[in-house]
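Chemist: These are the residues of each chain, in order.
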Amino acid sequence: MESFLPTVGLSLAVSLGATALAAALGIPLAAVLAMVPFPGRRAVVVAVNALLGLPPVVVGLVLYLLLSHAGPLGRLGLLFTPGAMVVAQAILATPIVAALAHRALEARWVEFGRTLQSCGASRLQALPHLLALSRRTLTTAVLAGFGRTVSEVGAVLIVGGNIAGYTRVMTTTIVLETSKGNLELALALGCVLIGISVTVSATVLALGEGKR
Amino acid sequence: MRAILAALAMLCWVGAAQAESIVLASTTSVENSGLLARILPVFTAQTGIDVKVVAQGTGQALATAARGDADLVLVHDPEAEAGFIAAGHGILRREIAWNDFLLVGPKSDPAGIGGSKDAVAALKAVAAARAPFVSRGDNSGTDALEKRLWKLAGIDPAGQDWYRDIGGGMGAALNVAAGLDAVTLTDRGTWLAFANRRNLVELVRGDARLLNRYDVIQINPEKHPSVKVEPARRLAEWLAGPVGQAAIGAYVVAGEQLFHPDADAPHP
Numbered sequence: 001m002e003s004f005l006p007t008v009g010l011s012l013a014v015s016l017g018a019t020a021l022a023a024a025l026g027i028p029l030a031a032v033l034a035m036v037p038f039p040g041r042r043a044v045v046v047a048v049n050a051l052l053g054l055p056p057v058v059v060g061l062v063l064y065l066l067l068s069h070a071g072p073l074g075r076l077g078l079l080f081t082p083g084a085m086v087v088a089q090a091i092l093a094t095p096i097v098a099a100l101a102h103r104a105l106e107a108r109w110v111e112f113g114r115t116l117q118s119c120g121a122s123r124l125q126a127l128p129h130l131l132a133l134s135r136r137t138l139t140t141a142v143l144a145g146f147g148r149t150v151s152e153v154g155a156v157l158i159v160g161g162n163i164a165g166y167t168r169v170m171t172t173t174i175v176l177e178t179s180k181g182n183l184e185l186a187l188a189l190g191c192v193l194i195g196i197s198v199t200v201s202a203t204v205l206a207l208g209e210g211k212r
Numbered sequence: 213m214r215a216i217l218a219a220l221a222m223l224c225w226v227g228a229a230q231a232e233s234i235v236l237a238s239t240t241s242v243e244n245s246g247l248l249a250r251i252l253p254v255f256t257a258q259t260g261i262d263v264k265v266v267a268q269g270t271g272q273a274l275a276t277a278a279r280g281d282a283d284l285v286l287v288h289d290p291e292a293e294a295g296f297i298a299a300g301h302g303i304l305r306r307e308i309a310w311n312d313f314l315l316v317g318p319k320s321d322p323a324g325i326g327g328s329k330d331a332v333a334a335l336k337a338v339a340a341a342r343a344p345f346v347s348r349g350d351n352s353g354t355d356a357l358e359k360r361l362w363k364l365a366g367i368d369p370a371g372q373d374w375y376r377d378i379g380g381g382m383g384a385a386l387n388v389a390a391g392l393d394a395v396t397l398t399d400r401g402t403w404l405a406f407a408n409r410r411n412l413v414e415l416v417r418g419d420a421r422l423l424n425r426y427d428v429i430q431i432n433p434e435k436h437p438s439v440k441v442e443p444a445r446r447l448a449e450w451l452a453g454p455v456g457q458a459a460i461g462a463y464v465v466a467g468e469q470l471f472h473p474d475a476d477a478p479h480p
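Chains as they are written, first to last, in our numbering: chain A, 1 to 212; chain B, 213 to 480.
Derived from the structure by calculation, the hints contain no laboratory data.
Check before you lean on any hint, since a few could be wrong.
[What the hints assert, rightly or not] Covered stretches of chain B (in silico footprint by chain A; criterion: 3 or more residues with CB under 8 Å from a CB of chain A, positions within the stretch not fixed):
#1 254-267
#2 273-283
#3 384-397
#4 406-419
Virtual Cβ for every residue (Gly too), placed ideally from N, Cα, C.
Take these sequences, add in the hints, and give me the full structure.
Modeler: Encoded structure:
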């Protein structure tokens, strides 16, 4: 198992990268949906929540067709690279982060929005306060996004190709070892993956608690 | 956050820093059996060309290449390969290795086919005994051969309650067969490297129709301009050449040779 550590590293890099991307897209989207009234806002909220159940294999397949050399984005040369895996997982995680963050921000905005605005704060000026007030729920939202990405296998298998030492991550290794009949090894890798997931979540939560 | 971005940047950089790299879409058996992991580093050391293996079934590997997403294919379904070349996607097919398929099944052998050398008669016996049979059902090279053998037997097993179409790879099929005590058709490479056999044993081998031939096919650059023609040609030639052939022949798992170089193939 000499290729074991790089696989763990790639799993972390891809899922953390995708989670960061999802947070960077999902939290601003949630803030806009919570704070700015516009026609059709309810429909967008419903759509974001509906995308919580986005099937990974379908995302992988559509992204594959887009990134394929025969597809419109083939020139990017992203297919079968870690970059494609990050994009695929970010697509899956963004609705999760956005939907959960929206719940928190909406509630806080109803609670404190008028007060903040009566102090003369614009929406943009109120945003940092709102984010700070919702910090703990936002942390949970981002962790839920991370949970989705680190455990995902369908999309990364299709767009990454499970190339040894390049796009092979923990989940695709577990699928591969299972198919080789190495069930004990697959199970051991599964335990490592769960351990990593727990460690990351616990670390983030501990940091959050420490800041209170 | 910064650490993550740095890690991502490094990933991209590592990808870009490779002097040259090609994508090889291959059948699963040559990857899952460990053959490619053993021989490709030799090629990379000799040429500096990095080979990224995307292991899929033969059907999917050819489909990947037909979209221009692979630089070379390594597959094992002569009929599908001929179609791929006829459609203008492939040029220059080279035989690089062979071994054989076998029917494996439970030691108890409910269809009484153990020791037979006639794969078609064995399938007839399986159908007559209504013994559980696991089919790949995934359009792979092995799946295509299985369907041809059923046709030769004059039996259409689809929909029978003893016939389980699992729609999965060779390893998945073997896992299911081991769980159900079912008969299945497997390539020798995957079988020898497979670690979860439980009750499964070799039942039928030695039928000329069970010859398993592995070919590499270069991709037609006129149809797929993005293909890296030169490094792909070098890999194809290396695999078919003396160094690659020797490396293929030298690959042994548990004392058994998994793949034979093409040079000593029993051509019908």
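Chemist: Compare the structure with each hint and give your call.
Modeler: Quick rundown of the hints versus the structure:
no., hint, result
1, 254-267, "holds (count 4)"
2, 273-283, "holds (count 3)"
3, 384-397, "holds (count 4)"
4, 406-419, "holds (count 4)"
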